[in-house]
Amino acid sequence: MSAKNAVLGLVIERPGYGYDLARRLEARFGSSGFAPTGVYSALDQLSSEELVRSAGARPGAANERAAPRTIYEATPKGVDRFEDWMLDDSSLAPVRDELYMKIALSRPHNLSRLIELTQTQEQGCLARMHRLRQPAGSLQGRPKAWSEVAALLVRDAEIKQLQARIEWLQKARTIMRKLSEAHQRSTARGDGIA
Amino acid sequence: MSSQVRLALEKVGKSYWRGPHETAVLKEISLSVYAGECVAVWGQRGSGKTTLLKVAAGLEAPESGTVRFKEQDLGSMSRSALVRLLREEIGWARRAGPESDELEMLDYVALPLLKRQTLRRARRRSAAALSRVGVGECSKGRWEDLTDGERTLVSIAHAMVRQPSLLVVDDPTANLDVLQREEVMGLLRSTAERDWLGVLITVPDMPSMVHAHRIGSLSDGHLLVPSGNLPERDNVVEFPARGRAAPG
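Residue numbers (the numbering used here), protein chains in the order written: chain A, 1 to 194; chain B, 1 to 248.
Isolated chain A (complex conformation) (with noise of 0.2 Å):
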């Protein structure tokens, strides 16, 4: 998935030059694993193809030797591409995880190491958990505007897609339990199996 329509939308809801597009992108949307270089890249090609402009620079800090920052805005045809996104229809994330690579070509020997794997990446899947948690003295009580809820359903779409994965790893781990067991089992009695 490509940064430009998020940035296009960022500089649309707001203009604002690299550094703050950068921050604003990885607030909105840091577990999409958006590179920040990406933005520049992204503000390239949107530059291009005439779908934001320079609307000024911001001054470099007066203590600083830096270059005046280019301020972005969109551009009416940027308006007009950004719409066109909004009514297209969304892909669906392409299912793509070295885990079921593993799964798929393991052995009976395998399986101790794949518990480990499945309990790590459980532990990984609530360490993102928590880090998407509200931040203390953010929200209370319930969102009235509409940003606060469009955001706060794309935050549970990202948890569900978490807990989706631990029940799937808490399950596998349960069965692959069973079965490193018995496997263990028939090798003591000297008929295991491939």
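Computed, partial: chain B to chain A, Cβ under 10 Å:
(1) 42
(2) 44
(3) 178
(4) 182
(5) 206
(6) 207
(7) 209
(8) 210
(9) 211
(10) 212
(11) 213
(12) 215
(13) 217
(14) 219
(15) 220
(16) 227
It is worth saying that the hints were derived from the structure and are not from the lab. Quantities reported herein were computed from a predicted structural model and do not represent experimental measurements. Backbone N, C-alpha and C define an ideal beta-carbon position, used for all residues, glycine too.
Model the placement of chain B on the given structure of chain A, informed by the hints.
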């Protein structure tokens, strides 16, 4: 152990017999809940969430390990002391509601106070508890008239009216929509912080954990915690030292 610890489970084990088969529901679970924080444990159906809460709240004894409340070992307490502790210090939010359909919520929430206080004073505290959780307007209503969200909040007020040190809630967001859920979970977090209360909840739905200070998942009787910040050994959910002092 820090005096800020409200609840500490150490290597707690619990099993149930189903026919001839013994099933270990909790296996060496260690978990602590500190004053001013909300801890959420997620688990699938049948994972042992309610058993964990019952053991944590002293309603069921573990077969192994210890449960300490404010450094007191529940296993070594007399029955009367345990009953007093459950009555005074631990609030369990029950979503079953009052036994009588005729009871107004003001009186339902006042019930836990009536042994020690006059009806008038108990009602005054009940009204305050209902207002604090945002359902003051339900005081004249009856259970059957309330929405699911209001029932949840009234249940929390009922558990909080004695001003316990630990609040225990099993699935506080059941049947709530996303917006009601945010309201209830935000309330539990802010209540923990404002009242210097320990809050332990279990949830079957992970988005419900989003306001919790710390989270964990139950699976096969084990408690897993997020990677990267905590040791795996002993399944300890430990709180990093914050040097935080109790409000005066």
